[in-house]
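Engineer: So you can see what is in the structure, the chains are spelled out below.
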Amino acid sequence: MGVQYKTVMMKPSDNVAIALMDLPKGAVVPVVCEGHQQEVQLVQDIRFGHKFAVKPIEAGAEILKYGEIIGRASSEISMGEHVHVHNLEGIRGRGDKVESRVQ
Amino acid sequence: MNLEYSNQLLGYRRPDGKVGVRNHVLILPTITCATQAAKQITELVQGTVSFIHQHGCAQVGEDYDQTFRTYVGMGLNPNVYGVVVLGLGCETHQARSVAGEIAKSGKPVEVVSIQDNGGTLMTIAQGAKVAAKMVQDASAQRREPFDFSELIVGTECGGSDACSGLSANPAVGVVSDLVVEAGGTAILAETTELIGAEHLLAKRAVNDQVAKRVYEVIEQMENRAILMGVDIRTGNPSPGNIEGGLSSLEEKSLGASNKSGTTPLQELINYAEPPSQKGLVWMDTPGHDIEQLTGMVAGGAQVVLFTSGRGTPTGSPIAPVIKISTNTAMFENMSDNMDLNAGTIIEGEETIGEVGQRIFEEIKEVSSGKLTKSEILKQHDFGIWRIGPTF
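Chain order of the listed sequences is A and B. Read in the numbering used here, the first sequence has 21 at position 21, and its numbers run on one by one without any break. Read in the numbering used here, the second sequence has 111 at position 111, and its numbers run on one by one without any break.
Note that these hints are calculated values from the structure, not bench results. The reader is advised that the hints may include incorrect statements.
[Unchecked claim] With the Cβ distance kept under 7 Å, some of the chain B side facing chain A (calculated, not the full set): (1) Leu-10; (2) Ile-226; (3) Leu-249; (4) Glu-250.
Glycine included, every Cβ here is placed at the ideal spot set by N, Cα and C.
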């Protein structure tokens, strides 16, 4: 008997899903959301509560969760890869991105 | 009466008509120099509470006003029977002015000043003397029935993880809807942690002015980070949020906004300001847990719901804080501090609606006298959102 891997995807338009348990590298996990159904092979361990890509994401592309933008890919992300601060950057509140600051 | 089958609550009616769910005598220091004497009084006199802070002097303009409003709001909160306002004597936030505002509610208010009393020891003696009388008077008051139309419930999330947006926050959203449906008021706050979700809330505003205010307070908050030239992510999400799986402020915000439920947004109020409408109200506060909590309690919230994924001891000196865990592992690990578990949603053992109902029942119990963990552990947190420099 295989382990029942638990994940959740919030909206069908999302390009990430969330691990609801610690998921091991290589596992093929089910991702189901409102009629959308697929399997994703994980390319690395994904810890409980962390995100993985359910489709390839180009560098600079928007990352969607809850059907809303949660940031942008700071590098190319392949399907099954961990999505977190190393490859997802926030878009809002980015004072470090403002060229000429108000003095 | 079995509270489970009714929405009737039991509280303490105040002279201004409001109803408290606790009956504290508050020793309110308007200046940091008076906080130690205030603490000593609470050790001498049962039934009194106080808090430590570092404010009340050399403040100007809107920053002065906000701190003043916070002190007055703490005294006016219906969970407070009466107030001993403790001052040094020479501070900008004069004990007498704060006491004057609180006294308008008809509550018992006394002023004790360290300089007028000739030092710390006489101040403690005088403060304890007036507090002891107040506590005995308070103890003679009995709880009486009231309903949700007189209850303000603050909502908050802190130490969030990726489960926050899946379990506890949506469950609190259900509670927010239940409170509003029962005629009460639910406060949504932490403007910082709504950056990225403002369009969803603006759509729910009752009119264009409220929608416009939503975008204004978000812009002001976001601009504070931009003017500092920093990525807001250096401070929010916090290291614990990131460890828990949250990658950006927007992601955290979209999870946090779930606490607001589905009802229309009635108004947007300033920090520590009492709501003028019933229903869902947004208070403009930072994401900092204690500053947000203090703002909502000073705005009149009698009970606060606080969701956490990482776990937190947070409590208020005057308002019960019901702390709800987003995951079962943390609930078991931090059982000293957490009141309810919403991790059952993650495990598929309960639905969001069932947990929401369970939290709603707990509000009734707590509002009628059941103590929360942070009250039992005397977690008397207090922090003012300062919006200007100290001079």
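Engineer: If a hint holds in the structure, say so; if it doesn't, say that too.
Structural biologist: The hints, checked one at a time:
no., hint, verdict
1, Leu-10, "violated, 39 Å"
2, Ile-226, "holds, 4 Å"
3, Leu-249, "holds, 5 Å"
4, Glu-250, "holds, 5 Å"
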